[in-house]
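Chains as they are written, first to last, in the numbering used here: chain A, 1 to 112; chain B, 113 to 210.
Mixed in with the good hints there might be a few duds.
Derived pair list, reagent style EDC-like, types lysine to aspartate or glutamate, alpha-carbon separation capped at 20 Å [unchecked claim]:
id, chain 1, residue 1, chain 2, residue 2
1, A, Lys92, B, Glu127
2, A, Lys40, A, Asp94
3, A, Lys109, A, Asp16
4, B, Lys194, A, Asp94
5, A, Lys109, B, Asp156
6, B, Lys153, A, Glu70
7, A, Lys46, B, Asp156
8, B, Lys188, A, Glu110
9, A, Lys107, B, Asp207
10, A, Lys40, A, Glu110
11, A, Lys95, B, Asp159
12, A, Lys47, B, Asp161
13, B, Lys153, A, Glu102
For the record, the hints were derived by calculation from the structure and aren't laboratory data.
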Amino acid sequence: MNHYETVFILNPVLSDTQIKETVKKYEDFLVSKGAKMVSKEDWGLKKLAYPIQNKKSGFYHLFEYAVAGEVINPLEVEFRREERFMRYLTVKLDKHAVSWAERRRVKLKEKA
Amino acid sequence: MSSIEQQAKGKKDGEIRYLTPLNIETNKKNKYCMFQKSGIKYVDYKDPDFLFRFINEQGKLLPRRLTGTSLKYQRKVAVAVKRARHLALMPYVADLLK
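Hey, can you work out the whole structure from these sequences and the hints?
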């Protein structure tokens with residue numbers, strides 16, 4: 001089991017229910033493959049630094065999870081097929097990154 | 113041979129002479145690697161505000177000789193900036209960013 005982190009940008013034209021549905025779909029996909037979700041973050045609608053698919057904003061979501069490495073490839077295949085996604089990035093977290101993520105979560109909680 | 117006083121008296125118009133050395137600050141400020149100094153082990157690509165210190169106003173990565181970052185962390189900064197660019201958190205090309 002490795003720690004991974006995925007950030008994806010959803011199309012801004014989607015409705016709230018469609019977004020929730022999509023996020024739920026991939027969460028379920030991960031859980032069904034035996035992933036342990038560590039955290040989920042919704043950054044909301046953010047302005048993009050440059051236009052992607054002629055759109056200037058997007059819904060950012062972040063997943064952090066622990067899963068076996070073989071699951072990442074099928075997950076990314078699903079991401080590529082999904083038309084609602086504008087961008088995604090999956091990163092493997094080393095031990096420093098994991099501790100950073102924990103501290104980051106604590107900090108965010110304090111702010112909220 | 114004329115002494116310094118004579119030289120100072122006999123100065124021509126428009127000629128500047130300094131008897132005491134000018135107080136010019138020659139000690140350069142020492143650069144340091146802020147990651148090693150503050151003990152940051154991981155450079156987060158999700159924090160564009162922080163990464164903006166390492167790029168110039170065109171959005172290009174600044175060299176190590178200007179920022180003072182050590183080689184180990186410069187590599188990590190470069191990767192983090194590139195990830196942030198991919199996710200449109202930072203621009204690939206910009207103009208008058210700062």
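Each hint tested on the structure:
1. Proposed proximity of Lys92(A) and Glu127(B) is contradicted: the alpha carbons are some 68 Å apart, above 20 Å.
2. Taking the CA atoms of Lys40(A) and Asp94(A), the gap is near 19 Å; set against the 20 Å cutoff, the hint holds.
3. A distance of roughly 24 Å separates the Cα atoms of Lys109(A) and Asp16(A); the hinted pair therefore is violated under the 20 Å criterion.
4. Taken as a hint, the Lys194(B) and Asp94(A) pair is honoured in the structure, with Cα atoms around 18 Å apart against an allowance of 20 Å.
5. For the given pair, Lys109(A) sits about 18 Å from Asp156(B) by alpha-carbon distance, which is consistent with the 20 Å threshold.
6. Under the criterion of a C-alpha separation no larger than 20 Å, the hint pairing Lys153(B) with Glu70(A) is inconsistent with the structure, at around 27 Å.
7. Distance restraint check for Lys46(A) and Asp156(B): the Cα-Cα separation of roughly 18 Å lies within the 20 Å cut-off, and the hinted pair is therefore satisfied.
8. In summary, the hint linking Lys188(B) to Glu110(A) is not supported, as the alpha carbons are separated by about 28 Å, beyond the 20 Å threshold.
9. Straight-line distance between C-alpha atoms of Lys107(A) and Asp207(B) comes to about 33 Å, which puts the hinted pair past the 20 Å bound.
10. Using a Cα cut-off of 20 Å, the hinted pair Lys40(A) and Glu110(A) holds, with the two alpha carbons roughly 16 Å apart.
11. A hinted pair counts as satisfied when its Cα atoms are at most 20 Å apart, and Lys95(A) with Asp159(B) qualifies at roughly 19 Å.
12. This hinted pair checks out: Lys47(A) and Asp161(B) have alpha carbons roughly 14 Å apart, not beyond 20 Å.
13. Proposed proximity of Lys153(B) and Glu102(A) is supported: the alpha carbons are some 13 Å apart, at most 20 Å.
Violated hints, listed in ascending order, are 1, 3, 6, 8 and 9; each of the other numbered hints is respected by the structure.
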